[in-house]
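Make the full structure from the sequences, and use the hints.
Read top to bottom, the protein sequences are chains A and B.
With numbering that gives the first Met the number 0 applied, the first sequence corresponds to residues 0 to 328, in that order.
With numbering that gives the first Met the number 0 applied, the second sequence corresponds to residues 0 to 402, in that order.
It is worth saying that the hints were derived from the structure and are not from the lab.
Hints are supplied without guarantee of correctness; some may be wrong.
Said to hold, decoys possible - Covered stretches of chain B (in silico footprint by chain A; criterion: 3 or more residues with CB under 8 Å from a CB of chain A, positions within the stretch not fixed):
| # | region |
| --- | --- |
| 1 | 39-48 |
| 2 | 91-99 |
| 3 | 117-125 |
| 4 | 144-151 |
| 5 | 212-222 |
| 6 | 252-264 |
Note that beta-carbon positions come from the ideal geometry of N, C-alpha and C, so glycine has one too.
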Amino acid sequence: MGGKPDVFPEKLSEWKIYKGNLSLLQPAKGLIPYALNTPLFSDYAEKLRFIRLPEGSSINYSAPGVLEFPEGTLLVKNFYYSADNRKPGINKNIIETRLLVKNNSGWKALTYIWNDEQTEAFLEIAGDEKMVSFINKEGIKQDIRYVIPNQNQCKGCHNSNDQLMPIGPSVSQLNGDYHYSTGTMNQLVYWKQQGVLHNLPEKTAIPRTAVWNDPSSGSLNDRARAYLAINCSHCHRREGPAQTSGLFLTESETNSTVLGINKTPVAAGKGSGGRMVDILPGNAYESIIWYRMQSHAPGERMPELGRTSVHEEGLALIKEWIDKMKSID
Amino acid sequence: MKYSFDKINNLISNLSIAAIIIFLLFPLTNYAQKDFQKKYQTQMILAETGTIIELPEGSFSLTNTLSLEGKKKITIRGKGMDKTILSFKNQTDGAEGIRVSDGSEILLEGFTVQDAKGDAIKTMHVTGISFHDVKVEWTGAPGPENGGYGLYPVQCESVLIDHCVAIGASDAGIYVGQSKDIRVTNSKAYHNVAGIEIENSLRAEVYNNEAVENTGGILVFDLPDLIQKKGGQVKVYNNSIHDNNYENFAPKGNIVAAVPSGTGLMILATKEVEVYNNRISNNQSAGTAIISYFTTGKPIKDKNYDPFPSAISIHDNIYVRKTGLPVGKDPLSFIIGKKFGEEVPNILFDGIRNPQLLDTQGKWVLGQCISILNNKGQSIANLDAEHGFKNMVRADDSLNCNN
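Here it is in structure tokens:
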């Protein structure tokens, strides 16, 4: 706490994670692209993720929870908008690239903001905001005020017992197919083949997070819980910054009150929207979770950070889940 | 020189003064305000142990939370609560005005936080957090659109709130939750739903404060389903708690939305609370209320939660009340008004006692009773909440036990 800050490169290019033209995001040798089954919603930004382990090191299989990565691991996440979401990857506007670096004192979060020319990205600790517009999946132009978090806000979410931590890369989130340049393959199997993941058990013994918008991947309950887990439980769990609320939304939570069912709020303030409980089974409209997901207002909207727009499709999923929930006592 | 001066003169004659002002000043102001946010946020991120971050005199508009994280021995110091104003009226991001987390020995002093969209100043997981000469306020008429908490230390240790002011919070002006070793002193809270609230906290002293014209002046609460439970060892003394008759404007769903307008001091389910040498006057529904969680009507599912108040001592206070019906619009005020009319007793006990703390004769075991002794203007009602308020009675001599 309060020691000399580490010195990191001012420019993204200095990390040498891409080859050739920086804006093409072509990974250099040693970077493996990956995706999560159900990712965090970030104002409709698309994300391209990579992992790089130090030469010769590897990860041991562990579940549940985020994998234990060796010192020197680099996690890369690019946030960008395709000009037309119906043609993803074409005419990308890259906004920021976030790095999580594990060194001998733990994880560090770094944010590089891209210039308008898309030729370089620069380290920024105090955050920023940008207006972005794109054509959405329905073919309608959408404008979003995209907020780039400051360094403290990174830890607002990436936080376990006050230590900075990755959120996404758990075995169950990685247990899905990825379209590699060499072909499509299960990510965990690929990692094993590449020698970066050891002790992978039988396929049937590996947990798998449902894909929130793919009904073939899990039941409505599984998909809603996966969505709440990745979008909320980085704060809303016993080790997280929202532990004061007593509302915990991890995938493994089984206590119905703790999950919000008929639970009165603690410090919601106007975020309650005049509703009495976090989840009223059978009635999303009267549930605080629904209210806070559909709100734009700072001080009401949830998650607190990472969105200024409403995730209509995610909201629809949670609404259906609550509306179809049978009341329990 | 002459040439350019003429040019400017021409320009002025061609444009209206107002247009120039808009053209020149607005972008500059916006730039300056954004600059302020970035400058101080950067300082807070880079601050090394022992740093004093000085805020200048003036009024500054911020659009996002200012946050301090993982720091030790940091002071954020303005030029005085009426000289350095941080306005969050135009806030677009962040759930609080200022947020301090995971730190130790943090001092906030000499500034005002105005109109935050959520909570004004939240501090979490800080050991040694002090607020001195800090004002938190929501301007304009109090309403449910105001933020929830003013000064909001939660899960902190060694909390000091001294010479602070809190105005207009739609939950609690000064709120200390799930914390340990707390002093709230020399402070003033008004036009909040709850003036000062100590919740699920251990070892708190609340003294020399003024809680006035809130819905409820001072609340000492213990609630279920939280990480830190079993709050207690709270002393409330030498405070002036008066005219807390403000209409309850808390958004529904929040526990304070159930506090009757006209409440001076309320003790809910907390253990070991001593209240003395206070002047508790003209709180027209309940000068002091001592209640169990059952009386809130909310279900209890937390098996580790103790819903009963016990070991309460209320002595040597001065009670004053104007003749008149209770002002609250809630069911409890209604029932009390119906029973007692314009002469409502100053101290209301819901009558629900923890059966595990009673002996075979139904008397409190030693040290656990609700003791009300030696107060000036003392009058007591037993509400008999357990039996649906059926046998509500004046019981002025019923709680003269010693702890």
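Against which earlier hints does the structure fall short, listed by number upward? 5
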